[in-house]
Amino acid sequence: MILKLTAFGIAKDILGKRVLEIEMERNSKISDLKTVLLHQYPDFSKLANLTFAVDEAYQDDGFLLSANQEIVIIPPVAGG
Amino acid sequence: MKNINIKISDKPLNPADANDFVTNEECGGIVTFIGTARKFTKGKEVLRLEFEAYEPMAIKEMTKISKQIMELFPAKKVAIHHRVGPVGLKEIAVVIAVACPHRKAAFEACEFAIDTLKQTVPIWKKEIFEDGEIWVAAHP
Chain S
1 MILKLTAFGI AKDILGKRVL EIEMERNSKI SDLKTVLLHQ YPDFSKLANL
51 TFAVDEAYQD DGFLLSANQE IVIIPPVAGG
Chain F
81 MKNINIKISD KPLNPADAND FVTNEECGGI VTFIGTARKF TKGKEVLRLE
131 FEAYEPMAIK EMTKISKQIM ELFPAKKVAI HHRVGPVGLK EIAVVIAVAC
181 PHRKAAFEAC EFAIDTLKQT VPIWKKEIFE DGEIWVAAHP
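Chains as they are written, first to last, in my numbering: chain S, 1 to 80; chain F, 81 to 220.
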């Protein structure tokens, strides 16, 4: 399946673009996606933390991904 | 959600908007926190800030914080306004207004709101210097 990832903040700089399409096996979890991203873009490992939001809510490593979701890479937040 | 007012804007924020929203007859204490763009960070001169938000989720998370405040504190009304885009020195990045019947709870609730916002709301801040730029808090 092809997942569409959207990136903000430093995550966008690391990818070099706002949106990345990435091929993953069916039934991949957030932890699998994290492994692939860290492999392809080692700079993600330098961040203080790396979380993911699916359909506008934070989700944990075990969350199952699918092609029709809105997946967003959330690097360390710094509002205020 | 008539007691909660959330806004993300690329226009300058006016603290009176948040303040006016939370003002009500039941509350004698309103605390309004205003976060502004500061000139120095660790001794280095900042030219301006730039904020980016994942807006739909940021609005959800700010609404969540407001609801939490009303559960944890005797707060009656809450307003959270956040700026995005370029923000010049002294300009307002965030306004949080909380109204409670008495002042002590209003201070505590407002502090809880800004502390939680900085931890959970998907908004990112970049400091622009003469010789480069840094995404705040990105690296340990």
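Just to be clear, a hint being listed does not mean it is correct.
[As the list claims (entries may be wrong)] Selected chain F positions facing chain S (in silico; Cβ < 7 Å):
(1) Glu132
(2) Phe192
(3) Thr196
[As the list claims (entries may be wrong)] Output of the computed footprint for chain S on chain F, the stretches with three or more beta carbons under 8 Å from beta carbons of chain S:
(4) 134-144
(5) 148-160
Since the hints were made in silico from the structure, they are not lab data.
Keep in mind that this is a model prediction, so the values were computed, not measured.
Note that the Cβ used here is the ideal one computed from N, Cα and C, for glycine as well.
Results of checking the hints against the structure:
no.	hint	in the structure
1	Glu132	holds, 6 Å
2	Phe192	violated, 13 Å
3	Thr196	violated, 10 Å
4	134-144	holds (count 5)
5	148-160	violated (count 0)
In this structure, the earlier hints numbered 2, 3 and 5 are contradicted, and the remaining ones agree with it.
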